[in-house]
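Each of the two chains sits in its own frame; use the hints to bring them together as a complex.
Chains R and P, in that order, give the protein sequences.
Taking the working numbering, I'd label the letters of the first sequence as residues 181 to 386.
Taking the working numbering, I'd label the letters of the second sequence as residues 213 to 841.
Honestly, the hints are just simulated from the structure, not real lab data.
Be careful, since some hints might not be right.
The following label-pair restraints were derived from C-beta to C-beta distances [claimed, not checked]:
no., chain 1, residue 1, chain 2, residue 2, range
1, R, I378, P, V810, 23 to 29 Å
2, P, L235, R, F251, 44 to 50 Å
3, P, G543, R, I347, 54 to 60 Å
4, P, T521, R, I254, 37 to 43 Å
5, P, G512, R, I224, 14 to 20 Å
In the SDA-like style, the derived pairs of lysine to any residue whose C-alpha atoms are separated by at most 25 Å in a straight line are [as the list claims (entries may be wrong)]:
no., chain 1, residue 1, chain 2, residue 2
6, P, K362, P, G798
7, R, K202, R, E212
8, P, K561, P, L747
9, R, K277, P, F822
10, P, K362, R, A308
11, R, K276, R, L374
12, R, K202, P, S780
13, R, K353, P, Y818
14, R, K353, R, L367
15, R, K197, P, Y818
16, R, K197, P, S741
17, R, K202, P, V814
18, R, K299, P, F441
19, P, K362, R, A301
20, R, K276, R, V261
21, P, K362, P, D450
As the structure is a prediction and not an experimental result, all values here were calculated from the model.
C-beta: ideal position from N, C-alpha, C; glycine also.
Given next are the chains, with one letter for each unit.
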Amino acid sequence: MSHSATISASHPMEGMKVYNLKLGMWVFLLSEVMFFSSLIGAYIILRFAHPEQWAEPNAVLNVPLTGFNTFMLICSSVTMVKAFAAIEHGDQAGLKKWLIATIILGSAFVGIQVFEYIKLAGHGFVPAAASYAAEGGPLYGSTFYTMTGFHGAHVTIGVLALIFTAIKAFRGKYSAVDYGGVEIMGLYWHFVDLVWIILFTIVYLI
Amino acid sequence: MSVRAMTAPGHESLYSGGMRSWLTTVDHKRIGVLYGISALFYFVVGGVEALIIRLQLASADGTVVGADTFNQLFTMHGTTMVFLVLMPLSAALFNYMIPLMIGARDVAFPRLNAFSFWTFLFGSLLLNLSFLVGNPPDAGWFGYANLTSKQYNPGMGIDFWLLSVQIMGIASIASAVNFTVTILNMRAHGMSLMRMPLFVWMALIVQVLMLLAFPPITVAFIYLMFDRFFGTHFYIPDAGGTPILWQHLFWIFGHPEVYILILPSFGVVSEVLPTFSRKPLFGAPFMIFSGILIGFLGFGVWSHHMFTTGLGAVADTAFSLATMLIAIPTGVKIFNWIATLWGGHIHFKTPLYFAVGMVGLFIIGGLSGIMHASPPVDIQQHDTYFVVAHLHYVFFGGTVFGLFAGIYYWWPKITGRMIGEGLGKLHFWLMFIGMNLTFFPMHFLGMDGMPRRIYTYAADLGWERWNLIATVGAFVIAVSVLVFFVNAVRSVRAGEPAGGDPWDGATLEWTMSSPPPEYNFAIVPVVNSARPFWLHKFGPTRDISTRTREEGTPPQPDTPPERIDLPSPSGWPILAALGLSLVGGGALVGLWLVLVGVAVLVFGVYRWAFQPLERLGHPTFGPAPGGGR
Ligand SMILES: [Cu+2]
Numbered sequence: 181m182s183h184s185a186t187i188s189a190s191h192p193m194e195g196m197k198v199y200n201l202k203l204g205m206w207v208f209l210l211s212e213v214m215f216f217s218s219l220i221g222a223y224i225i226l227r228f229a230h231p232e233q234w235a236e237p238n239a240v241l242n243v244p245l246t247g248f249n250t251f252m253l254i255c256s257s258v259t260m261v262k263a264f265a266a267i268e269h270g271d272q273a274g275l276k277k278w279l280i281a282t283i284i285l286g287s288a289f290v291g292i293q294v295f296e297y298i299k300l301a302g303h304g305f306v307p308a309a310a311s312y313a314a315e316g317g318p319l320y321g322s323t324f325y326t327m328t329g330f331h332g333a334h335v336t337i338g339v340l341a342l343i344f345t346a347i348k349a350f351r352g353k354y355s356a357v358d359y360g361g362v363e364i365m366g367l368y369w370h371f372v373d374l375v376w377i378i379l380f381t382i383v384y385l386i
Numbered sequence: 213m214s215v216r217a218m219t220a221p222g223h224e225s226l227y228s229g230g231m232r233s234w235l236t237t238v239d240h241k242r243i244g245v246l247y248g249i250s251a252l253f254y255f256v257v258g259g260v261e262a263l264i265i266r267l268q269l270a271s272a273d274g275t276v277v278g279a280d281t282f283n284q285l286f287t288m289h290g291t292t293m294v295f296l297v298l299m300p301l302s303a304a305l306f307n308y309m310i311p312l313m314i315g316a317r318d319v320a321f322p323r324l325n326a327f328s329f330w331t332f333l334f335g336s337l338l339l340n341l342s343f344l345v346g347n348p349p350d351a352g353w354f355g356y357a358n359l360t361s362k363q364y365n366p367g368m369g370i371d372f373w374l375l376s377v378q379i380m381g382i383a384s385i386a387s388a389v390n391f392t393v394t395i396l397n398m399r400a401h402g403m404s405l406m407r408m409p410l411f412v413w414m415a416l417i418v419q420v421l422m423l424l425a426f427p428p429i430t431v432a433f434i435y436l437m438f439d440r441f442f443g444t445h446f447y448i449p450d451a452g453g454t455p456i457l458w459q460h461l462f463w464i465f466g467h468p469e470v471y472i473l474i475l476p477s478f479g480v481v482s483e484v485l486p487t488f489s490r491k492p493l494f495g496a497p498f499m500i501f502s503g504i505l506i507g508f509l510g511f512g513v514w515s516h517h518m519f520t521t522g523l524g525a526v527a528d529t530a531f532s533l534a535t536m537l538i539a540i541p542t543g544v545k546i547f548n549w550i551a552t553l554w555g556g557h558i559h560f561k562t563p564l565y566f567a568v569g570m571v572g573l574f575i576i577g578g579l580s581g582i583m584h585a586s587p588p589v590d591i592q593q594h595d596t597y598f599v600v601a602h603l604h605y606v607f608f609g610g611t612v613f614g615l616f617a618g619i620y621y622w623w624p625k626i627t628g629r630m631i632g633e634g635l636g637k638l639h640f641w642l643m644f645i646g647m648n649l650t651f652f653p654m655h656f657l658g659m660d661g662m663p664r665r666i667y668t669y670a671a672d673l674g675w676e677r678w679n680l681i682a683t684v685g686a687f688v689i690a691v692s693v694l695v696f697f698v699n700a701v702r703s704v705r706a707g708e709p710a711g712g713d714p715w716d717g718a719t720l721e722w723t724m725s726s727p728p729p730e731y732n733f734a735i736v737p738v739v740n741s742a743r744p745f746w747l748h749k750f751g752p753t754r755d756i757s758t759r760t761r762e763e764g765t766p767p768q769p770d771t772p773p774e775r776i777d778l779p780s781p782s783g784w785p786i787l788a789a790l791g792l793s794l795v796g797g798g799a800l801v802g803l804w805l806v807l808v809g810v811a812v813l814v815f816g817v818y819r820w821a822f823q824p825l826e827r828l829g830h831p832t833f834g835p836a837p838g839g840g841r
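So that you can see chain P by itself, here it is in the shape it has in the complex (with noise of 0.2 Å):
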């Protein structure tokens, strides 16, 4: 029985629709397909900012930009990549994987999730309006008082920025509340929480993260929001106020967001390394616990970042061995991954490379990661390159190739073709080489003494090699995202069909059809294994490698045999999410905006909540009750 016979046809009508079915969608693959294609964007956008920082860094005395435009650039770049392309990534993953893996028809609230993408494009969409006044924000991502205070920093930008990241944080709550939901309580029969895959574990670990993380974050931009609307004094020294209490804010909420960002990628390569080295994760147990207590153990690690504050020695030593400590989970699970390729039956496709790539990567960040974590080194290497260094290595290696790992994986599945393998190697291989390229030399640079954020430097202190090498690797990564694209072009265009399960899958996603059914499954499975396909397809064996598929009837049949109600598309969300963002944008021009937002919130709140979430007559599949359709 052929791979592809296995499932039914791809249902591409998924897609089909106009731009209105798209403003009005509630089905979370489509909304997983719109985070998508904004994070992309978003990570061409905080792209070009790197390469115009870099060709400015390129040589001694750059006159490409002023100091303030490249101040206004890696600030744009920081608050981009963070917020606008791996947290929307992530979400674009979770979103169309999450009710797929678990069994689930879609999310616990659908317009919740619908309300919770457009609430942050357009968030992202005021932040970048910015660039149109002539005033982006330039205090850094991390804003640090008092660089953003009324006195010192007079212009609108911080206003742009800290309304539009407190926007796009409401977004991550309401995204944050629906996933716990969803993964607490829709998964499938018999998907018993020790039987979830490792991404959806990882996800919830992130969904907890960011409930718990984003409300400090909030707390400190609505003191900096009094202090710079309403001349309140939290940051201000001279009346009493102080500047640390940011620095705590910020970081109480930044360390957790590290993990935020990485944990998505953990849970991506532990699904593309068993699936291509044909193994069951080594460990997953532990990979699982390892995982609750890299969470847990970063809320109690902020202030290692604000070693060189003067907290105290007590505080400096407490901070640094909770720091240390989370390198026993985190080994544990890098150890877990060589485990699981170890005697694997190795299938060298372009996710296994980006997997693998991660896995290098982040141990290259994770060592430097641990040098942070002792006070006299930290305090030595501070706002150097060397901290450049060691945090594009865990965003850039870590999170970045673990997410292009999942792309690749989960492509064929999103949007039924496949993508080209070779130029997937070459892409993966030109980003590989360009990522050392770029930021290997910055340990040499921070070890050189060469600070962070410093928009030109003097030709005599022998910085200029290592920069020009590091602009060739980031125009290197440039050419790979371009490789990216034109394949992600092609494949869209003429990709050769990919089936449900084009790399043998373990998981239930790989059950379906590619791309999946409007109703997600025909029929809702029973589990009863953590890897339910394999079992399908194998019979009961933990060593699949030297097994050949037994024939078997396909595990969803083409169309459902009872009746399902999806919850109908609604205008309502986008419209209480237009309301949120005038609220804010609304700060910067005057009250009446902010209370025309406010009416358009309150009313599209109110329709939404008295549209019932089913209406009849709208799509429903399978017969109905009466007979026929």
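Isolated chain R, as found in the complex (with noise of 0.2 Å):
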């Protein structure tokens, strides 16, 4: 297989029996696990010492809204597992339509949040907001906003570089030897997938 970050040797090498990139991203999903830990972690130790601060679901938050955005993520998962297995085979049509239909369904989750987010600040619901209508207290909104906001982040870069590997894709890079750019994509995208699972749980409906 000729993935493209590898440098040819004339031997073989010692190794993990798993190429460079995937690897790679392996290795930085580790990193990621402990981000999202502590943004958690952090989440969990200052909800435990204010609980009056958070306000019941959907008194403030618009969860039958989120609860769609969270079903439309986890359907771009299958659409990637979808580009995979058709690039795998070979299936170059396969692999861009499956693509572009991960590309919208994720920036579509990304334009739902933003329009959450304007939504939520012209009720005044605001990062800096120290209380929001009786409901909720100053550590409500730092909270929601950072965990949201980064988990956005996220999709946001996994969008950006869903558009790269299409464009990639288009002009013929992958087949059915050379895929490693779309797997570590799909390995990514599942990652920001499932964090969205727990975020969406521990921040809409507890």
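Below you can see the structure in the form of structure tokens.
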């Protein structure tokens, strides 16, 4: 397999039986696990210390809308799996189709999140809000915007990377023997999706 | 057969080429040199900051600088030495040596490597830009909340600090991903994990620590950034936030960071001692496993920095016990180093002086560290000069001495020239004496109750004598660093050619010419020992002290027998790094600059993603497939 980021060597190398790009993505996601664990850990500490600052689910946040958004992100993971399965079998048309679908779903997720932010801000629920209509205290807004915001940044970066991947796909850079770029894109995307399911549960539902 | 003839003549052309070739280089050796020069430059900057601090404290009621400047100086000194000196100096040795030691032609992701360096460099420049706007950070290198809150610290200094350290954190994580994959995936055939040099092992542990420790501090910085820029309330007690949250997140990073700083030095010493005792490292597997254990335990002890915050008896006991446990693997290492020297055929060269000095000084820092593991003792010593003494014995005595051992050890490999032994030993003795003069009296000052971070003190407190001695010691250190630079310049100008293997080394980097060719190995070696070059030179024996070198073929031919394609230089990583830094710096200027930064970053990454790693027509070595060059 010729993966672009490896250096050719005349002898076989000792290693993990995983190509460099994929191992690199795994290692990077390990770091990301620590990142989101720290965010969630701090959230738990703050929330246990001041439960009175958190509003009831649905009182401030629009749970049905975000629930729909969550559903779309899960669908985007499915389309990503389809894209990878397509190129594994050398199906160029399938790869392009499913990558485009993933980009559309991912962009829609970011779009709805921005829409939600604008609506919330319109009601005075901003990161600096000391309180919101007697529902929730200052930490509520602080944690909501940092957690959803940084996840949103991850999705946005993912959409950009998906667009790069799609451009490469349209130029025919991937094949049934060279699909590393699509595979690691999928790893990242599924991770971001998984993190959202956790964040949605603890930020919106509990 | 002479030592020199064993390898091909040096490839000085490795470093030739203009500015453009350095800005676009993706060669791990050149990137290593860039890291090294940057780190040594900042070593001088951080050192000057320390000298001003010592001048101010030399006598009671000092008037060299005012309180505000003093706060800025110790903040910048700490931040500089940790993030701009010790980490990049380790990175310099990692970059240059790891691929050579594992038998690889480069790192796994050469362009990501360039991106890491430039991101680090731009981040460090952003930090020091705060001097130019007249507002350096002043809340200490661990920037405790509320000292950093907008309410109590409205200036831009803290913003410079938190943005630049975050940018450098991204560089560290990118580099950690790169080197983890390089070490795990790119070893020469036959180099199993247990045959890997100790330096590479310690480097691997450091990469994993960086991967796991930088995210918590990133979160801490994100909260601080939101508090300062968007008015959130994470560290604001009035609103229910808690400054202690910062301390937890900071020290979950901060304690592993201690091992990020010390383990590279452990690795160097574990290479230097066997080479100059002409004996294999004593108990190498124990050294590896104790390194892993140190790294693992290092994540469970952060609250020993927080005994005075009142965590309660149970938590204090648990963290205290865990901290004391770390003494066991650390002790294993120290005894194994001593056992390596024991009965060895010792060659008293400068690298050995620094390595032995490191072991001795680190023991002193380690012992005062065990004292701090006990909460009642720690509470007594907290925030006194005793802690300053402890951390400098660990970071200066441990890390700086260990890294200088590495610099002297690998200097001939990197530059192709020997560095003066006389000046090297003068450097060692001046630095050794200066370091003890500076930091040993701080134990007494701390016991006497002198607090850290005070800009002046009254004459009747009785602290003048030891403070004056410490200041004299600091200037002795400064002279020793000057001796090093003189030695370095003399070596580069007129040093004796080193040849490939000046120390009779055991590991793969010595099988190459000095400096090595761009492609590292003409033939990627097949490794069948933890000490492959000793095996090649002396045959299968553990005791090489009495053996003479067997006549043998050079391990590497002068020219590669088959075609080697190297990754082509690329300007996109530096552009992406610039974009990222503009995003950070732009946060201090205005949204427009952030957006410009994002555009530059996206454009740089886009072009990077679409540039083939190996461009046709770029320097290849050896015969082309069709014959001829
Ligand atoms: Cu610690």
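- Message: Can you tell me whether the CB distance of G512(P) to I224(R) sits inside 14 to 20 Å?
- Response: Check passed, 19 Å falls within 14 to 20 Å.
- Item | Hint consistency between K561(P) and L747(P) [alpha-carbon to alpha-carbon, up to 25 Å] | Roughly 23 Å separates the two Cα atoms, so the pair holds.
- Is it true that the CA of K197(R) sits at most 25 Å from the CA of Y818(P)? violated (29 Å)
- Does K277(R) pair with F822(P) here, judged by a C-alpha cut-off of 25 Å? holds (21 Å)
- Verify the proposed pairing of K197(R) with S741(P), using a straight-line Cα cut of 25 Å. Holds, at roughly 22 Å.
- Taking 25 Å as the top limit, are the C-alpha atoms of K362(P) and G798(P) close enough? Status holds; Cα separation ~19 Å.
- Message: Please verify whether K276(R) and L374(R) have alpha carbons no more than 25 Å apart.
- Response: holds (24 Å)
- Straight-line alpha-carbon gap K299(R) to F441(P), limit 25 Å: At roughly 21 Å apart (the allowed maximum being 25 Å), F441(P) and K299(R) satisfy the hint.
- Given the hint that K362(P) pairs with A301(R), test it: the Cα-Cα distance must not exceed 25 Å. Holds, at about 23 Å.
- Query: Given a hinted range of 44 to 50 Å, is it respected by the beta-carbon distance of L235(P) and F251(R)?
  - Reply: Holds: the Cβ-Cβ distance is about 47 Å, inside 44 to 50 Å.
- Query: Taking 25 Å as the top limit, are the C-alpha atoms of K353(R) and Y818(P) close enough?
  - Reply: Judged against 25 Å, a Cα distance of about 15 Å means the pair holds.
- Query: Is 23 to 29 Å right for how far apart the beta carbons of I378(R) and V810(P) are?
  - Reply: Distance hint for I378(R), V810(P) holds at roughly 28 Å.
The structure fails hint 15 only (numbered hints given earlier).
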